[in-house]
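> Okay, here's what each chain looks like letter by letter:
Protein chains: 2
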Amino acid sequence: MRSGTITILSLLFSLHLFGQGVTAHVNPFIGTTNYGTTHPGAVLPNGMMSVTPFNVMGSEKNRYDKDKQWWSTPYSYENSYFTGFAHLNLSGVGCPDLGSLLLMPTSGELNVNYDEYGSGYSDEQASPGYYSNRLTRYGILTEVTATERTSIARFTFPEGQANILLNLGEGLTNESGAWMRRISDTEIEGMKLLGTFCYNPQAVFPVYFVMRINRQPSASGYWKRQREMGVEAAWDSTAGKRKLYTRYGRDIAGDDIGAYFSYQVVEGETIEVQIGVSFVSTANARENLESEQQGFRFDEVRAAASERWERELSRVRVTGGTDDQRVVFYTALYHALIHPNLLNDVNGEYPAMESDKVLTANGNRYTVFSLWDTYRNVHQLLTLLYPGKQLEMVRSMVGMYRESGWLPKWELYGRETLTMEGDPAIPVIVDSWMKGLRDFDLETAYEAMYKSATTEGKHNLLRPDIDDYLKLGYLPLREKYDNSVSHALEYYIADNALSKLAAALGKKEDAALFRNRSLNYTRYYSPQYGVFRPILPDGTFLSPFNPKQGENFEEVPGFHEGSSWNYSFMVPHDVPGLIRMHGGKRRFTEKLQAVFDEGHYDPTNEPNIGYPFLFSYVKGEEWRTQKLTQELLESYFKNAPDGLPGNDDTGTMSTWAVFAMMGFYPDNPTEPFYTFTSPVFDKITLQLDPLHYGGRQLEIEVVRTGKDARYIDKIVIDGKRFGGYRISHEQLTKAGKIVFYLKER
Amino acid sequence: MRSGTITILSLLFSLHLFGQGVTAHVNPFIGTTNYGTTHPGAVLPNGMMSVTPFNVMGSEKNRYDKDKQWWSTPYSYENSYFTGFAHLNLSGVGCPDLGSLLLMPTSGELNVNYDEYGSGYSDEQASPGYYSNRLTRYGILTEVTATERTSIARFTFPEGQANILLNLGEGLTNESGAWMRRISDTEIEGMKLLGTFCYNPQAVFPVYFVMRINRQPSASGYWKRQREMGVEAAWDSTAGKRKLYTRYGRDIAGDDIGAYFSYQVVEGETIEVQIGVSFVSTANARENLESEQQGFRFDEVRAAASERWERELSRVRVTGGTDDQRVVFYTALYHALIHPNLLNDVNGEYPAMESDKVLTANGNRYTVFSLWDTYRNVHQLLTLLYPGKQLEMVRSMVGMYRESGWLPKWELYGRETLTMEGDPAIPVIVDSWMKGLRDFDLETAYEAMYKSATTEGKHNLLRPDIDDYLKLGYLPLREKYDNSVSHALEYYIADNALSKLAAALGKKEDAALFRNRSLNYTRYYSPQYGVFRPILPDGTFLSPFNPKQGENFEEVPGFHEGSSWNYSFMVPHDVPGLIRMHGGKRRFTEKLQAVFDEGHYDPTNEPNIGYPFLFSYVKGEEWRTQKLTQELLESYFKNAPDGLPGNDDTGTMSTWAVFAMMGFYPDNPTEPFYTFTSPVFDKITLQLDPLHYGGRQLEIEVVRTGKDARYIDKIVIDGKRFGGYRISHEQLTKAGKIVFYLKER
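Protein sequences, first through last, are from chains C and E.
According to my numbering, the first sequence is numbered sequentially starting from 1.
According to my numbering, the second sequence is numbered sequentially starting from 746.
Think of the hints as simulated: they come from the structure by calculation, not from any bench.
Hints may be right or wrong, so weigh each one.
To be verified - Calculated lysine-lysine pairs in the PhoX-like style (CA-CA distance at most 25 angstroms, straight line):
hint : chain 1 : residue 1 : chain 2 : residue 2
1    : C       : K548      : C       : K619
2    : E       : K1459     : E       : K1428
3    : E       : K986      : C       : K241
4    : C       : K241      : E       : K813
5    : C       : K585      : C       : K638
6    : C       : K707      : C       : K734
7    : C       : K720      : C       : K743
8    : E       : K1452     : E       : K1479
9    : E       : K986      : C       : K68
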């Protein structure tokens, strides 16, 4: 009885919260166009499950069609033809995957062709853990919400025939093939293949599901698209079409299958549908569902989801700023908390890395590590605000090494997709350790990092071109588009990180070895152009050479997704050396400023997102950092569907905004320091983790000389004036109050 | 130790049997061309499993291609491009189904495209329970054998790379879709959808399987044909092709999937592959496999299969006749023992009729009831020689009623395909009961038969046109090709059967009702044409009318697969009335003889296969029966691939030959009587069942006046001259010795 009382009280409390608290400042539509590739669906912080409207196929009415162009998100704000709710979705990525298990309500006669059963919609509403719309064609109100590993949908129908469709044939993923079977009149279970993310045909994995409906259907069955057949089945009118299986309810499998449930309903009648998922088995999907939801209680699940978001988002409370700025901020924090996400089931089981084995996690196992992106700031944000999660993520990465022999680079549900370059797990692990998150198997972690940093030959999964790197200290251009400079620059960062850890562990030789390696970046510096320039195998620079080539995803020798300008200041671990290389402080400052002034800064791409903070390494030039972060925030981060500069990159872009708006940024991911910039709010309160930071509260206050005061005049920490513009993680997390005094200039 | 000794002894004994005993007289290639649609694969008597070479797809070299014409058998003797062994096959049917789980060995580089990996073959050998060939392209010796529910293949490879492929994407069935998963390096399990037999898109059922290989592969994986994809997967070179899954071993599903296992082998190395199947679950498939095979022991399984056939076939022992006649006879008996076949697993479980439920059988549950064919003679043969099986088949039919509400018509793995017409379960059940097989639930059986005979309306599944029949006593032609006369003629036979049973049970009213109905056949008699003629709804005969129309499967109003001539004597239950109708004995005999003389007799179709025996109802004309049966046997039943007149119809044609060659035929399937004709052998010994017939032995001896003595002079039974040409089942099964004295004329 006691726990029941608590549940009801907490329910009432949380119902009270809808539209209250900081979750009210989240606008899940931000980033849903302009290639932000976020989605407005229901998801919990770092939850396995997400439920999002799917509107990117089946109609000419849509502006974007997943089948007619490269497309990597289940939802586009511009589109208008809804074909169901996709379960399990990636947020802010540049390659298509997941976005499957499409759940669609229709009314009237049954139709199982997605290019015919889709609907327009109106009255879209989205808040953390909740999405709703009204299907204009059918007069159906849809609502969805989620727990960590399960979803629940509530559909309110007009009078007449109501249909619920589960389409396993379509989705964002380019993999196909599914199987399912009926467990009872109101329950099915099954499996769908997912994968092939980012040009990886072998990166394939299954998702298992259980679906339950809270009402006995008057009719139900399957469909399957039949092959085109010749004479053998000339009689079969379903050849090449979707055949309805009206009398068959055992196992069904195929490339394009689905299940339907039909009802006769009165006006306003609701039907609720739950889906539980697992990457291990249907039994685990069922256990997840039964553990995380008790019966069909849409409102309770919604309230719990909202409450959970409120709890996580309110670790930062801001006052001041405009309404839009608060929305931009909390939505960015919300986006930073989508990935990495849970992989393990409630019983702890998860699919082992690059294996068909099932293991049991101690704590949570995370997946979706887009590390080339997230090593730069997302893990630093998690370390500061959610250190428990970050620690479990580090443990997950070490676990991946233990299981597969390699740390992750771009891991997706137990598959290494090897997307982008570098050795980005190293800076993540080292950064966490440096900041005191040390409760993981350091010995194995070091072994793992050392392995990728030193294993010779093409079999080095993470650094397949290591031989040249070891021999020459840099990577010559061996193929036109081998991204050699980008690769080497990432290895320098990783090696620097490893040297820091080695030094801290007393491994002097290793420390020296890796530190020395990390400084070879200068080899790429072309005095003639004043930027990094690819080197040919004979040791000479590539000619002809255009340092601007590579803008707008144009292919360019030596650099990946960017021009030489986007990379020529990407040496966060040796900014003093970088300054020297660029000709000293003045020249450095001028050149770096020119990057912005002449349009060589790409706000959508990771290599240069730390650039604005580099000015603060030059005494007297810190105002440029402060000016730029505020200008970039104003230009590219808006409370609007196009409010992200481009792919959110599993929260990396959003995290940039979160830090920049709070007034400090971890511009060197291998070092436990942050560079200050001007906060945009009047007051920012960080509630730090009890376990890792003693539950301290850090208050950041901003005192402005006037409305347009954007520049830091001085910073006072706990009553003492702070010298300089970079603060250590330890000092920040132990501070009680930081006051920024901003002036107009 | 004891049982081990017994096993070895029985092994030695059975090895000794290869090529010995009566199984040596079976030529499984008979019927494998000329549309006989039998196959030479390994199967046990009425076994669930069968394993047959599959050679009807993938090459222009084949004369027949399942995808280029209507095709209903996995194997054609004329073809030459082998693409694996099909597991689970129908024998002697006219519609495609099953013939899937294609197991193919190859050598050299892995190739998973069936139109590329197929091979020519030589050295085909087939004997009951065994098939072998040599793949000329690969130099692989293949051998397959079976238990009731499992198979084992032995492949002997040349040196180099050996591959074993399991193709779930292709097969004879027009259904598609499969799922499988890896259990270990040497075991997979899965499911494939089957069905759509004979224009029945809803007649769908799953088969579950487990496959084990006796050697660890050096590489293994799956393949799946990928969809055609547009821009979304322009990078994916496997789009529209079969993609190899080299690193993924969990669940896979799709329309066209397969598994491969590769090995490095030395010259002459063998690999054995077992497959267990179930129509209930993969767990049952595994239990079947583990129960029916202990380890990989190909030779033992082969020996046991041969021994089992020897045991069953040797219930009849013949001497005399030519070698070819003995081969024709034993092969016909062999073909009569393929279907119906086991449906239940070793644990008794089976899929309930028209349901997703699983039930447990008491005794064996049978499936594949092609009753429009088999009610005429197959069940009579089983009743005589294998009464235990026949009883279980009757129980199976009654069980189908209990589960689905209707007796079967053309049942296939728990699905009523409603192929052909009539109410053929009734004569089967009544015939068995009349012959003393009464240990079944008669009350339910009667209820079931009464239901289909009396339920009004279109919802009468077995007699959807019953309303006209009840009202008018016949079926008028309501649609051009509604087969109305054929329908009614079948109903008359069924109603007559039911009347017999009703009379025996003292249900006088029912008996009279159904008997009266059964005599309405005369209504179709057209004095003008002297044959049955369709009647229009206004009661007049159809005009114009051509009694020959319908030959060679030409469509014809009123009749199904045959001309009026093929049907106009199909009144086995009232031959005296039929004789009167046709104008008396003389006119009847002349007209019946004209059917044969003028080419209106179709030896491939059931309605008229009893015709030769009708002469024996006219005193003095019995010689025509004797002449015809021997001529028909000589013309249409040969020891050659084209040795069947057409579709074997799950053994019906073969059974015709078995009875005709033994010298008696059950021409009225509703009556426990046989009509004598001249046996073709010198001596025929029937070993009757101990339980049902006291284990009697019936010896039939033939005394000929000379080599060409083909006509019955007299028949002496146990020393007494037999009067007439029809003998009751009771007298036959109680006789000790029947001597046929044959004269030349």
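> Against this structure, judge whether each hint is valid.
Cross-check of the supplied hints:
1. Between K548 of chain C and K619 of chain C the alpha-carbon distance is near 29 angstroms, which puts this suggested pair outside the 25 angstroms criterion.
2. Using a Cα cut-off of 25 angstroms, the hinted pair K1459 of chain E and K1428 of chain E holds, with the two alpha carbons roughly 16 angstroms apart.
3. Taken as a hint, the K986 of chain E and K241 of chain C pair is honoured in the structure, with Cα atoms around 20 angstroms apart against an allowance of 25 angstroms.
4. With a C-alpha separation of about 20 angstroms, the suggested pairing of K241 of chain C with K813 of chain E holds against the 25 angstroms cut-off.
5. Of the supplied pair hints, the one linking K585 of chain C and K638 of chain C is violated, its CA atoms being roughly 34 angstroms apart against a limit of 25 angstroms.
6. Our distance criterion of 25 angstroms between C-alpha atoms is broken by K707 of chain C and K734 of chain C, whose separation comes to about 30 angstroms.
7. For the hint pairing K720 of chain C with K743 of chain C, the CA-to-CA distance comes to about 19 angstroms; that is within 25 angstroms, so the pair holds.
8. Note on K1452 of chain E and K1479 of chain E: the hinted pairing is violated, with a Cα-Cα distance of about 30 angstroms set against a maximum of 25 angstroms.
9. Proximity of K986 of chain E to K68 of chain C is assessed by CA-CA distance (about 20 angstroms); at most 25 angstroms being required, the pair is judged to hold.
The structure fails to meet hints 1, 5, 6, 8 from the earlier list, while all remaining hints are met.
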